[in-house]
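Could you slot chains B, C and D onto chain A? The hints should help.
Protein chains: 4
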Amino acid sequence: MTTGRFILALHCPDAVGIVAAVSGFLAERGFSIEESNQFHDLPRDAFFMRTAFSALKQAGEVEAISAAFEPIAERFKMDWRLYDTAKRPRIVVAVSRIGHCLYDLLHREQTGWLGGEIVAIVSNHDDMAPIALWRDKPYHQIEVTPETKVAAEARMLAVVEETGAELLVLARYMQVLTPETCAALSGRCINIHHSFLPSFKGAHPYKQAHARGVKIIGATAHYVTPDLDEGPIIEQAVSRVSHHHTPKDFIEMGRDLECQVLARAVRWHVERRVIITGAKTVVFT
Amino acid sequence: MTTGRFILALHCPDAVGIVAAVSGFLAERGFSIEESNQFHDLPRDAFFMRTAFSALKQAGEVEAISAAFEPIAERFKMDWRLYDTAKRPRIVVAVSRIGHCLYDLLHREQTGWLGGEIVAIVSNHDDMAPIALWRDKPYHQIEVTPETKVAAEARMLAVVEETGAELLVLARYMQVLTPETCAALSGRCINIHHSFLPSFKGAHPYKQAHARGVKIIGATAHYVTPDLDEGPIIEQAVSRVSHHHTPKDFIEMGRDLECQVLARAVRWHVERRVIITGAKTVVFT
Amino acid sequence: MTTGRFILALHCPDAVGIVAAVSGFLAERGFSIEESNQFHDLPRDAFFMRTAFSALKQAGEVEAISAAFEPIAERFKMDWRLYDTAKRPRIVVAVSRIGHCLYDLLHREQTGWLGGEIVAIVSNHDDMAPIALWRDKPYHQIEVTPETKVAAEARMLAVVEETGAELLVLARYMQVLTPETCAALSGRCINIHHSFLPSFKGAHPYKQAHARGVKIIGATAHYVTPDLDEGPIIEQAVSRVSHHHTPKDFIEMGRDLECQVLARAVRWHVERRVIITGAKTVVFT
Amino acid sequence: MTTGRFILALHCPDAVGIVAAVSGFLAERGFSIEESNQFHDLPRDAFFMRTAFSALKQAGEVEAISAAFEPIAERFKMDWRLYDTAKRPRIVVAVSRIGHCLYDLLHREQTGWLGGEIVAIVSNHDDMAPIALWRDKPYHQIEVTPETKVAAEARMLAVVEETGAELLVLARYMQVLTPETCAALSGRCINIHHSFLPSFKGAHPYKQAHARGVKIIGATAHYVTPDLDEGPIIEQAVSRVSHHHTPKDFIEMGRDLECQVLARAVRWHVERRVIITGAKTVVFT
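Chains as they are written, first to last, in our numbering: chain A, 113 to 397; chain B, 113 to 397; chain C, 113 to 397; chain D, 113 to 397.
Next up, chain A with everything else stripped away, as it sits in the complex (with noise of 0.2 angstroms):
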């Protein structure tokens, strides 16, 4: 059984005729659209489509509609998806030892704001050990060092696995990963970074900005890749800052830059409203 609410999302050559198709077959089996956004990517010939919508009587299982639309799908050659809204999706977060992100997130989690589920912290240190304890969340500390790097990954790699989470979210993760990781998590890992990208990658970067003299800063929530802070980007946001700022005033606006950014960013994606298209994502909101 269902809660009757699903979200289709999924993208395909653009073609005439796709949304008829679509909202044809939500309409012959009396689904009603709660919301609804399509993208023509003229240029590149893509379209793009995310549906919300529910069953005014008794739905069938995600699987039996899924099923249904297959035929639509493949005559379409969509990549697509169908997500039953009442399975709440579940967030590994990692974190360093700076805790405003998971501290933010947790606020959110908790008003239900966030939509998914945090289901378990992971640190290559003990800062945030009480925090977890206080939200009663399960904190594994997984120590990295340059030898037991690739070993402290499988460890975050098998606690994503176990908890059934489908998302890892970087939340000020102090460390690089491996690509062997990041293409293991490919499209299911988002990193806060504290600078606008593209400006400002790799360490530092409230310093770089600060070496630069901007007027202001940024910070960018992204899909992980092989090519550090190359991913595809899903939001940002910038603050101006002024002479009179230090590079410590710089860290203390980025706070909450960093926290509304990722926070948006995890959001939409437990909502499926991002869509990655090659280096690019396509967000509904």
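Hints in this document: simulated from the structure, not taken from any laboratory.
Ideal placement from N, C-alpha and C gives every residue a C-beta, glycine not left out.
Some clues are possibly wrong.
If the Cβ cut is set under 8 angstroms, some of the chain A residues that face chain B in the computed set are [what the hints assert, rightly or not]:
{"#": "1", "residue": "SER135"}
{"#": "2", "residue": "ALA139"}
{"#": "3", "residue": "ILE145"}
{"#": "4", "residue": "GLU147"}
{"#": "5", "residue": "SER148"}
{"#": "6", "residue": "ILE254"}
{"#": "7", "residue": "PRO258"}
Frame of chain A, contents of chains B, C and D only:
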């Protein structure tokens, strides 16, 4: 003959099957959707949609397509209209003695940004005659006094009618229109108010804002209704201010806000992105 | 003994020689200016100044420096105060059942961002007791009914007094204070209102904003005065909204605004950056 | 004779007594401070100050006041200059074929907002000749080819010199200046770059931004140095974009950003609010 690019804008009570019917209609005729937005206003059980589509082969006239669509519109009780984008909307701009919004609209018309065509300028003063002359626009100076107000507005409406304009833009036109004129131009007259409505209605909003000590000022573009500054809001923008700004500074800073907010509202109207619903608007951007 | 870092905040009628007198005073004593802001309110012939300075060698007590400064203050008829930054301002936070602002303030206190020290939490409910317990803060549950209102506020004032707090922060405290309490806390009580004042005063501002169809929502931190939501504004922030947002969405989006606006207002107050002048504020940031 | 309103801009190593000396100097002569900003760059032990002051009675010439101030400047090793605001700064604007920034600057000059006076327009094309004619500005069309580049820049510098201009504004002038010309105009040449620097230096920044999939675009005004797009940043602004925006949309949206950012940078320069310090700027606003 048409360019073969059309925009369909509609709203109606929400129901299962609307999108299927509309997109089915378009698909059957081989129309290719370029952009489509829909909004299911669940609490009010209302549905709004805007679709831009083009014909791959020769399309019929807009009248013929409209006639074919009529049964669908009736079935769902739609309030709707189909536009041929080959026909550029015609605009009359009203202005008093402060020219920045007029100047800005003329520049945006020239670059093609605005979408519509400014076919006449009306003013209760002669200050803007030189710019009208330079841009080769008919300039109608229509003096307004308490005695001549009704006649003046009749002349203004005559200019709108004679030019075939579908939109009157009050670009810092410092006269309150009579309820009759507001009614005659219902949904076709956009005003720029230099405050963040509903704060600071009426005269001298920047002065009011300064006296209140706000830390952010704004501008609002809205459709004109008989209730002063109470019409449906199309767009707003804001700017930070500080204790050291005088009312004169507010006026100067406000100019940029007013230009941008008004220009966006006019463009969105012209592109049929704005649907009025009661005291509010749906804006598909 | 002092830390040797001080803040001087003052205002007075504008006159030739004020800055010379103040900076001369500091230079003679070998004080090093770290940050200084001044504002000449020319139309009102008023002068405002905030200077942070430190002692290169051992400074005297704040009382001794104040006594030495007294003649200058008298000469220019200053309203002034000298603060020793070694003494962290003490804060009482009042909250009802909605915890995001409290939660945010506690986190900012912990990271040191806030500047002040939260010494007690008062509430008319018990919902926030667990977070108070976790953060090890005294929690005073003071029920408020029409009958107990006066007594309840007396208890609240007693908590402020007993803790030596200089500031009461209403962090979504859903009770209107009596004029007497407002007067007793004049210039020492900051409220967060969840609208862009002066729009949407009173109850349910997000609902009001939704009904009006605004395209931007906001939050306002202000000093509490007997006139509801009319006190001097310290800080405001805004966020874009769209037709598809419900009042519930406004509430969710507003949380971030409220947290940030309130936190900034409290920090600026604590750092002596805010000077009240009539119904407005000068904020040196 | 002077208007009696002056601006003093200075920077020097930080020391105890600078403000006392400057403000004492002003007070002794009966000058009334209208606006004053100072910045103690503690990590670099540097001090920056800008003071606008007026004479209550007849002031001397700017040369006489400067001479009297000289001993203080020497004592603190100041890099400084005193400006008489009666002398409006003269500006030459360079433009290629894209006119929005020129158009905007001319309008802001006309309303008085800009502060300075545009005394000539230089261009490597003739597209902007009509607007120059309408605004009655000398228009120097100076063709640039690889062969004529050096001669063309010499002519451009000659226009700057002959008009007594102190500032050259590159308002979408699509030529890279030679290092020699950059050096000759050091601190006197402002460029608008249509990206959020340091992202997307060089050609076609909007195309680069689109390819990277950023969610925010920007514009940057900076002083020109021999390092392309690496000069001290004066001002930046940004605008949100989405997946549905094309590079052409970025260009259109960028126009507003470019106009505003460049206009603010020019005005601040003209008002002596910008002090260059190494690769960065101090901007007193």
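Structure-based check of all given hints:
no. : hint   : verdict
1   : SER135 : 4 angstroms, holds
2   : ALA139 : 4 angstroms, holds
3   : ILE145 : 6 angstroms, holds
4   : GLU147 : 6 angstroms, holds
5   : SER148 : 5 angstroms, holds
6   : ILE254 : 44 angstroms, violated
7   : PRO258 : 47 angstroms, violated
Hints 6 and 7 from the earlier list are contradicted by this structure; the remaining hints agree with it.
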